[in-house]
Every structure is written in structure tokens, then in C-alpha cells.
Amino acid sequence: MLKALLKKQFLELNAFYFQNRKTGKNRSKAGTAGFIALYIVLFLFLAFTFFMVAQSLAAALIPLGYGWLYFALMGLISLAFGVFGSVFNTYAGLYHAKDNELLLAMPIPPRRILLVRMIGVYAMGMLYSCLIMVPTIVAWQLNAPGLWPLIAQLLLTILLSFVVLALTCFLGWIVALISARLKNKSMITVLLTLAFLALYYVVYFRISAFLRNILEHTDALGRAMRSLYPLYAFGRAGEGDGLSLLVFASIALALLALCVWAMARSFIRIVTMNRGDGAKKTDYRAQRAQKASGVPNALLRREIRHFLGSPTYMLNCGLGLVLMVAAAVAALIKLDAVRGALDMIRENMPVLAGAMPVIGCALVIVLAALNPVTAPSVSLEGKSVWLLQSLPLRSADILTAKLRLHLYLCAGPTVLCAAVLAFVMGAEFSVGVYMVVTALLATMLFAALGLMLNLKRPNLSWTNETVPIKQSMPVAMVIFGGWAFAAVVVGAYFLLRRWCGTQVFLLGCIVVFAILYRLMNRWLMRRGAEIFSSL
Amino acid sequence: MLNISHLTKTYGEKKAVDDLSLHIAPGEIYGFIGHNGAGKTTTLKSVVGILQFDSGEITIDGCSVKSEPLECKKRLAYIPDNPDLYEFMTGIQFLNFIADIFEVPADVRRERIDRYAALFELSGDLASPVSAYSHGMKQKLAVISALLHDPKLIIMDEPFVGLDPKASHTLKEIMRDICDAGGAIFFSTHVLEVAEKLCDKIAIIRGGVLIRSGTMEEVKGDDSLEDVFLELEE
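Sequences listed follow chains B and A, in order. This note's numbering puts the last residue of the first sequence at 535; the count rises by one with no breaks. This note's numbering puts the last residue of the second sequence at 1234; the count rises by one with no breaks.
Where hints are given, some of them may not hold.
Quick list of in silico lysine-lysine cross-link-like pairs, BS3-like style, CA-CA up to 25 Å [stated by the list, open to error]:
(1) K1066(A) x K383(B)
(2) K1138(A) x K98(B)
(3) K383(B) x K1074(A)
(4) K291(B) x K1074(A)
(5) K1138(A) x K291(B)
(6) K1152(A) x K1172(A)
(7) K1066(A) x K456(B)
(8) K383(B) x K1138(A)
(9) K1138(A) x K1166(A)
(10) K383(B) x K456(B)
(11) K1014(A) x K383(B)
(12) K1138(A) x K1074(A)
(13) K1015(A) x K383(B)
Worth flagging that the hints you see were computed from the coordinates, not collected in a lab.
Chain A on its own, in the form it takes in the complex (with noise of 0.2 Å):
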């Protein structure tokens, strides 16, 4: 599903990635952790496309993010760890916003917006203003305006910043059964407890460089995710 293939991307003289390459099959979940600053959201933001990288090449679904963006922007969508919304829109504005560009049909989303909608407990709230929106609020909206074309691959950054425990449960819930219809997840996270427990695989990135990657167990063995995560950055 998702190919990352020495990724490599520098800022001025520092090397925010470095020679990254990650394989992201359908069906799996998949966790990237790191400290701060190790290069996760640059690695992200390549992948979606809204970075330029210097050297490697990314493909989604076979089509690669260089040469065929938007077939590849199609098959995906993306939750940014601050998404900074559209504040003069109100949240159902935007939703068939978004639901327009992917030409997503109107009776389909309309289903699919009643449904996460009510999942999430933001139907009371979509007639409101987005910039009267709390931040979990704002978090809630852009998991669903991330579902509403039924993407097959779901790039997320810190997801579940600022969303409520029942949300949370919801959204982890959502993105397994994205996972066993044959959809792909890769998200970044510094819940390790949540990584443990929902990801099929897990890559530990620092200072922009892969350090280790591969299945849950391949990673932590019998240790905990938090343990090994600490041995590795020391």
C-alpha cells in the first residue's frame, strides 16, 4: 500500500530524514514513534505530498507522490497533529467541502456524515462556525472529513491529541475496521501504551534515521514498548 524508499529530506544543512525506508502493507496498522523533532511529521508530510523531499521515492498503491500526486492524494487522507481548519466555514461546510473535491455522491455523504457524525457526537455542533470549535472538536471534525471518501490509506499525526476517552475508543475502533476492509494505517504517536496496543507494526525513528521497525513483537519482544523506546534513545 504505502512504499517509502530512502527518504530523505534536509532543512538548510540538517538532515530532518535521513535515508528512511519503510514498507506499509494493507491490512496493518502501523506505528511511528520518536522524540520530538526526530523527523515523524517531516516523514509525513512527504507522504502526503505536502513536502518536497530531496532524494528517495514514495508510492502509494504503485503510483508514486513525485510524479502522480494527485492519484495518489485520492487513495489517501491526512489528520495533521494541529489541523487548522477552514474558521469561516461551519462544520458541515466543510465537510461537503471536502466531500466535493472527492467527488464523494450526495446521497453517499450524506450517510457517511449522519453516521461518523453521530459516532463522534458532533451532529449538534455541525451547524456551528469551526472557529467556535474546541480544539477537540477540530480534531473530531478532520477524522471525519478523513473518512467521508473511504480512503484506503490514512496518514495521522498524533491522532488522538485532544480527543475525549469515548472518542479515542471510537477512532481506534475506526481504524481497525479501515484495516480489516483491506485499508492501511500509518500514524505517529507519543501514546506508547496506545501504539502497543492497537499497532500490527511499529518503526522507532531518531535524529531523522530509522533505528528499528518491524512487527510488534520483532521490536519490543518480551520488554515493553516504553523500555525498549527509552534503551533505544539513551
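Here chain B stands alone, though its shape is the one from the complex (with noise of 0.2 Å):
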């Protein structure tokens, strides 16, 4: 049965990557394998860049004999990647998926489809903690070599993995239960998720602080590891410690087997629980919905309500919005802090001084990446795309309300954050103008990009919208993609400075980007509109 189950889940996935929905055939050998070369490129990417922390780190503690808190750093940094890279899939992942009825109609016992759904966001959480656990090994390798270490660290990655599992899991059971009482659920469980996402940083950061000061004070160690057993446990695993290995495998096992348990045993509850919807009928006519509006706002508020009624739509593709603000707002408490630091930058570092501007309008299209609005549009039309297909309206118009809906959202978020980083770092008005423009065409871009790869690669016959959503190529390259994006502009930069100032290269830029936009919006609405048409 449980292999049925995992046979089903595997097809699902085989047919979202490899096959045309449409025509049920596999996918063109070259295509899939751009595909998944443009995914290989992507990790080894960002793997690259946590290597060079990693390796920073392990030149600097290893010689010294903290191994162990070279591990614990790096799985802590591990352990927060995996959970914030599949927290927000957990909740519709394993209690919205449309198949629910069918299965539970049939005699299969709750907890196993639980268990195969969890096997979904584990891969989720496994992805995004290797990106960080790989080039950790990588560094320890290179800077003190040995096999048995080697084979602790790679059963320590694994083992990582399951108290991830159990953390977001845990975190997607505590919305579950809270929401399926709630009435207003989609905007509630958003805030419930991200309350709870903001304390568990607040852990995390604290946890690092207090490892910093450990770092500072070796005198406080035989105290921290005794309060902070488990992350000693790891670090030590990581030397190569067999001991401590098995204390963390039994700590990470027991902590899974908790949160499998709990999970199972509310978990059919959960998924029949009247929804509450219904239960006080009112009047629609006091909706006083029945405002007549023109086509294009007609189309635009169907987005919205669409991005409003899903908390997976809003929380994936969405909490960029959220970061840039609270980034923004942070910039202008901490106002002397960070212009403190920006001097302090400016004097050692004379040559990062020029590139203020660049590097901050980087940060900014670093933070608007994580907005990926328009990649699942097409896709979470879902079965209901028969109803714009159907309807008098023509596709460009539709495409046309994805990009506006994806603008009207990041656009002031996006402005905001850049403008009060062109505030904190003192810049000329015309750079801060500059730096605000280039910021909102990188969100354009994106919002343009992300509806030619999602009319590219379409998936309408999703059983659960956190496939389209989290499981989907054009999001992870609109996000992965828009950081090297970022991380394209500022070598540019690095590479003309010799030959145009900043101001120059800013303007160059919103040159190039204002003219790239048109030629995507151009196939968008010719080629994507037929497309569309054709779904």
C-alpha cells in the first residue's frame, strides 16, 4: 500500500518534470536536460558561495581545535536554510492536497499518506540544507581530511535533515490546527506562519550570538556545552566523535518519531474538519460586490483575490514584500548603526566605497527575487483555465493582469527599500532616483520572466497547488536566478568602473533593463498570448 502510494507520488512528480500535460508525452531529451542543467548550475552556484563561508570559517577554527563549532555554526546555518526552504509548503503540502478525499475514501490508514506527503517537504528541506551542509564537508575536507570524519559528516547531513523535517513539520501542524478553526483562514494562517517563522529566527539568532560569544570567551565553554547539549553533540559528530553521533541520531530519531506521532494522531481530524465556511449564511448583497467594473480590473481583482485566497501563493511568492519593508524599517532604526558601518566600510575598503550604490540596489533585487508572483499564475489557473479560455476575452489581456498584479504588489515595497538604502548610505538625489528605477525594472524583469517560464513550462493538472507553487522550475529560477541576477550587476560594475562612474553604470543599466523588458513583454503577448490560448 505504501509503495502504491509512493508510486503515485513519484508519478505525479515524473509527469510534472518530464512530461507534456498536455500530450502525455515525455518532454524533448535537450529540453529536460537544459532544464535540469540550468538546476545544476543554480546549486552549484549558490553552493559556491556558502563554500567560501564555510571555508572562511574552517581556515579560522579548525587549526585552533574547535572543529566541533565550526559544525555547529555551519548546521545551524544548515538547519535555518532547510526551514525556511520548505516551512512554507508544509501546511498545504500535507493537509490541502485535492486528492484528499479520494484517499481517505479508500481503506488506507491516514498516517501513511501523512508519511507520503512528508516525504515531499523532506525533499524540500534536504535540498535547500544540502546547499549549505556540501560545501561545509567540502571546507572540512580540504582543511583536515579523513574518511571516518567524511562518513560521520555525510550521516550527520542525513540526520540534519530529519530535524528539519520535524521543525517545519512541526510549524505546518500548529497552523493546521489553529486555521482549521479559524474562518478567515488564508490571511490568519499567513500571519500564524510567519509569526511563528519570526520566532524561530529569534531562536536562531540567538543561538548564534550566544556561539559567537563563546567564540570570544573560551572560559564560558564547559557552561555552553552543557546548556547547549545537542548542538555540542552535533559539532563533535562532525569531528568524526562516534559517541556524540549516536546521541544526535538518537536526539534527531526521537525528535522525528514525536512529530510523526502528534501528526498522525490528529491528522484525519484535521483534514475533515468542517471547514466553517458556511455555517451563518448572509446576504451576498451585502458583499456589494455587484459593482460593475471594466475588463482589465476585473481580470487584475480576480488576481488578487486569487493571491489573497491562497496562503501557500502568498507566503512563497510573496514574503520578499514583507523582507524589503522590514529591511527598510530596520535600515532607518538602526540609522547611526548603519551609517556607522558604512563609513567604517568606506575608510578600510576604499574600493567597495564607490559601489555603494550598485552593491544596495543588488540587495534590493536580491530581496524582490523572493516575490516570484507571476511563475505560478499560469499554473494555478489549474483546472479552471476552460473559464478565461472560454470567456470573450482576448489571452494578452489576462497575461497583461498576472504582470499588473505582480507589479502593483512589489512596486511599492520595492521603491521603499530602495530609496531609504539610498537614504541611509547618503547618496545624491540622482543616484537614489537611479538606484530606485534599476531596482523597479529588476522587479519587471522578473515579474516578465517569471510568466514566460511558467507559459513555458505549465502544470494545470496539479493535485495539490504547493506543485505549482514550491515543486516549479520557472519559481526556483526566478528566485535562484534573479540572485545571480544580483550577483551579474555588481561584477559588472566591477568590471566597467574603470571606464564609468556610478552614476553612468546605474543609468546604463535601466537602459538595458527598460529594453530587455519590452522584448519580453513583446513575446509575452504575442507568442505567450497563443500559448496561453492553446493550454
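Since each chain sits alone in its own frame, please combine them into the complex, following the hints.
Right, dumping it as C-alpha cells:
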């Protein structure tokens, strides 16, 4: 039975990545290979970035005999990244699949359904954790090679992924328990998840600060070890200590078992709970919805409702909005500290002084890439795509509404974040304006890119909306590709700064981005519209 | 009103519809029957413009579905066999969205929504999210949305599936009223008794090929429609 469920899950995944859903035929080998290659390149790019961090820590800590601390620090980062990568699809992935009724009507123990769905969450967490753990192990082996530590480190990576799974499932479970009793689920689910995540990261940063403190005051080591023993065990296991590995394995497996047990007990109750949507009937006339509006606004309103109606969509494709506003507010609150740090950088690293506006702009672009609103928007039409196709609508108008949603959501926070950064770094007014326009145009590029990719790789037959949102190539490519794009912008500046100043460079970016957007928009309105019509 | 001429549609090697021609005049309720996989839904989707066909021509009120799809869609309404509606909207939000697309004035849409929602006993549920609707309620909502812009032609795929007896009766009355007012209806069904009582004309399709069409009397003669259908299927 478990095998059959796993096979179903695998077939769904296989069909999503390797089959054309309309013809049922496998995608062309070249196309599939190209996308896989792109994924690998993105993975390597990010892994290399983390390797640089790992290498600098390993080179400093391992010779001093603090190898355990190196592993503990990197393990914490990996845990944070793994949770970040999988937490937003846990709630919907475990509890809100469209095949709930089908599976629950069959003689399948609910815990098996839960276990199979947890594999999806596990895979996502594992992928994100590995982005840190693989470079961590490589850096260790470069500084202190050894076979037994290598085996222990690989086992540790697997064990750590269990902890990531337990933590994300626990968060998803709490959100499910609370939201099952709520009426306005979407927004409250989003707020709850963000609150839990904020709490998690407060704890995470406290532990990180605690570890840094240990590093500075080694006399406190003994005390710290006692109070943070699981972390110490993790670090020692990374060094190759068998007993510590055993202890950490016991902790990780016990944590996972406890989590599975608690979730299995309540799974059937949560997924079969009355949604409470229509408990009290209200008069539809009171909703004041019968106000006429034009076609473009009707389409835009439909997109907004879709976005606000799905916690998974909001959390996975709108997190950057929250981060951009939070970054702007934090920069203003800590104005003196940030300016002091910037002055220090200018004094000690004059090479970076001129690059500040470009780096600031790149930071905003990194955050803007966390909002791939358009990237799953075509797939999310799902089985109701017939509606738009049967109505007297131009496909170009439908795609424009999707672009508008992205831009309306992202424009405000992008402008705010870029403007605040320009102000904080004391940029000239004209440079500030260039920063804002560059960041805004990058946002527009991401909107167009997401839509283009989704039109090329649509998935309309999903059973769980996390599939087009979280396990989606277009979404991953906008996020990771956006980060790579930001790095390219900074790299291009350092390459070209001999010939042009900051202002000219930003102005050049504006021109290039605008041309690129125009070309992409033209493709969308012509070829993209044709593709949408024939979905 | 609707003219289908030599329609052919293939899926890979398989011909789903093969050289099908039909003409539906204003005032006619035209039934479309055939076994599962005979090509009914493919034909209906081709008419509505949500499926590209290989060859042939389809015109609605003189407009070609291929070259003037928007003009055609303005004149028709489509109700699929399994209405997957927007679950992120409430019933009234969905109806309002459809009315916006067809540019139905506010006072007209208000009157029609009130009227049809009362007829189908859905008024009390329009404020609820579509995700909370039963299959029958979704079907009712799809029917109401199809009637909002007063279409000349209604294409329906198994419209009575999921409807309660009263709603089925209401829908049949509305279908007749539309045709009496000069509209036309083309619908598929497996319920042969309904087709026999309701339709002015009938078409039978098998393996993508139209095997018989015409007025009810021409198709069935003195036999029952069920007998004729079973005989033709053998």
C-alpha cells in the first residue's frame, strides 16, 4: 500500500518535470536536459557562495581545535536554510491536497498518507540543507581530511535533514490546528506562519550570538556545552566522534518520531474538519460585489483574490515584500549603526566606496527575486483554465493582469526599500533616483521572466497547489536566477567601473533593463498569448 | 445560429471527431448523444473555442470560431460537464466577475442574479466561497453565470448531472424559454429520456463520426430513442 502511494507521488512528480501534460508525451530530451543543467548550475552557484563562508570559518576554527564549533555554526545555518526552504509548503502540502477525499475514502491508514506527503516536504528541506552541508563538508575535508569524519559528516547531513523535517512539520501542524478552527483562513494562516517563523529566527539568532560569544570567551565553553548539549553533540559528531554521533542520532530520530506520532494522531481530524465556511449564511447583497467594472480591472481583481485566497501562494511568492519593508524599517531604526558601519567600510575598503549604490541596488534585487508572483500564476489556473479560455477575452489581457498584480504588489516595497537604502547610505539625489528605477525595472523583469517561464512550463493538473508554487521550475529559476542576476550586476560594475562611474553604470542598467523588459513584454503579448490560448 | 462544417480533430493518431457537420437554427434545442469517448466533449469544446481543431469550420451567427473567436464567445455561453470554478471567490464574486467580462450593466446583472439565484435556490449561498459548494451547487452557479449575459447560443456538456430534480426542471424551462425567444441550445447528455422529451433535434455520434441526425421523429421514428441508440451502437 505504501509502495502504491509512493508510486503515485513519484508519477505525479515525474509527469510534472518530464511530461507534456497536454499530449502525455515525454518532453524532448534536449529541453529536459537543459532545465536540469540549469538547476545544477544554480545549485553550484549557491553552494559555491556558501563554500566561501564555510572555508573562511574552517580555516580559522579547525586549527584552533574548535572543529566542533565550526560544525555547530554551519549546522545551525543549514537548519535555518532548510526550514526556510520547506516551511511554507508544509501546511498545504500535508493537509490541503486535492486528492484528500479520494485517498481518505479508500482503506488506507491516514498515517501512511501523511508519511508519503512528508517525503515531499523532506525532499525540499533536504535540498536546501544540502546547499550548506555539502560545502561545509568540502571545506572540512580540505582543511582536515579523513575518511571516518567524512562518513560521520554524511550521516550527520541525513540526520540534520530529519531535524529540519520535524521542525517544519511541527510548524505546519500548529498552523493547521489553529487555522482549522478559523474562518478567514488565508490571511490568518499567513500571519501565523510568519509569526512562528519570526519566533524561530529570533531563537536562531540568539543561539548564533551565543556561539559567537563562546568563540570570544572560551572560558565559558564548559557552561555552554552543558546548556546546548545537542548542538555540541552535533559539532563533535562532525569531527568524527562516534558517541556524539550516536547521541545526536538518538535526539534527531526521537524528535522526528515524536513529531510523526503527534501529527498522525490528529491528521484525520484536521483534514476532515468542517471548514466552517458557510456556518452562518449571509446575504450576498451585503457584500457590495455587484458593482460593475471594466474588463482589465475585473481580471486584476480576480488575480488579487487568487493571491490573497491562498496562504501558500502568499507565503512562497510574497515573502520578499515583507522582507523589503522590514529591511527598510530596520535600516531607519538602526540608522546611526548602519551609517557607522558604512563609514567604516568606506574607510577600510575604499574599493567598495563607489560601489555602495550598486551593491545596495543588488540587495534590493535579491529581495525582489523572492517575490516570483507571476511564476506559478499560469499553472495555478489549474483545471479552471477553461473559464478564461471560453470567455470573450484576449489572452494578452489575461497575461497583462498577471503582470499588473506582480507590479502592484512589488512596486511599493521595492521603491521604499531602494529609497531608504539610498538615504541611509547618503547617496546623491540623482543616484538615489537611479537606484530606485533600476530596482523597479529589475522587479518588472522578474515579473515578465516568471510569466514567460510558466507559459513554457505550465502544469495545470496538479493535485496540490504547492506543486506549481513550490516544486516549480519557473519559481526556482526566478528566485535563484534573480540572485545570480544581482551578482552579475555587481560583477559588471567592478568590470566596467574603470570606464564609467556609478551614475553612468546605473543609467546603463536602466537602459538595458528597459530594453530587455520591452522585448520580453512583446514576446508575452504575442507568442505568450498564443501559448495561453492553446493550453 | 451554429454551423459546424466538416469538423475534424485528432489526438495523436486517434481521430476524436471525423468530418462532422451539423447545423443548429435559432429556436432549436439540439441534443447530442453518444457513448463515453465518442467525441461529444471534443466537439463542444471546439465550438466554444477552447480546443484547436485540425480542419473544418465552425461559425456562430456567421462569425468564424477560428478567425473571430472573441465575437463568437460574446454570443455564447458554455457549461462544462465538471465545472471547475474559482474556489478562491465567493459565489457572488464569481458571478460579478463573469458579468464584468461580458460588460453587463450593474442594474441588469443585479436583476438577473436575483432572479436566477432565486429560481435555483442559491440566493442564501452566494455569499459563501465556491470551495464550500457541493457539486450540484457549483453546477447551479455555472448555469446562472451562463445566463447572465443573455447569450444567443448555449453549449452545455451534461448539464443535468448533479442537479436536483427541481433545478433540473427549472433548467429545462429556461432552456425552452431561451429557444422560444430565438436563442439556440446545443447540449450533450446520456439521459435519453430527457433528450427525447426536450430536444427538437438530435445527433448521434459514434467513434467521432456522426451516424444520425435530424428531428426527433426523423431519428427515432416510432421507436424509443433508447432503442434506436442501442441499435445504432451495436
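Outcome of the hint check:
no.: 1; hint: K1066(A) x K383(B); verdict: holds (23 Å)
no.: 2; hint: K1138(A) x K98(B); verdict: holds (17 Å)
no.: 3; hint: K383(B) x K1074(A); verdict: holds (22 Å)
no.: 4; hint: K291(B) x K1074(A); verdict: holds (21 Å)
no.: 5; hint: K1138(A) x K291(B); verdict: holds (22 Å)
no.: 6; hint: K1152(A) x K1172(A); verdict: holds (16 Å)
no.: 7; hint: K1066(A) x K456(B); verdict: holds (23 Å)
no.: 8; hint: K383(B) x K1138(A); verdict: holds (14 Å)
no.: 9; hint: K1138(A) x K1166(A); verdict: holds (15 Å)
no.: 10; hint: K383(B) x K456(B); verdict: holds (18 Å)
no.: 11; hint: K1014(A) x K383(B); verdict: holds (24 Å)
no.: 12; hint: K1138(A) x K1074(A); verdict: holds (22 Å)
no.: 13; hint: K1015(A) x K383(B); verdict: holds (24 Å)
Checked against the numbered hints above, the structure violates none of them.
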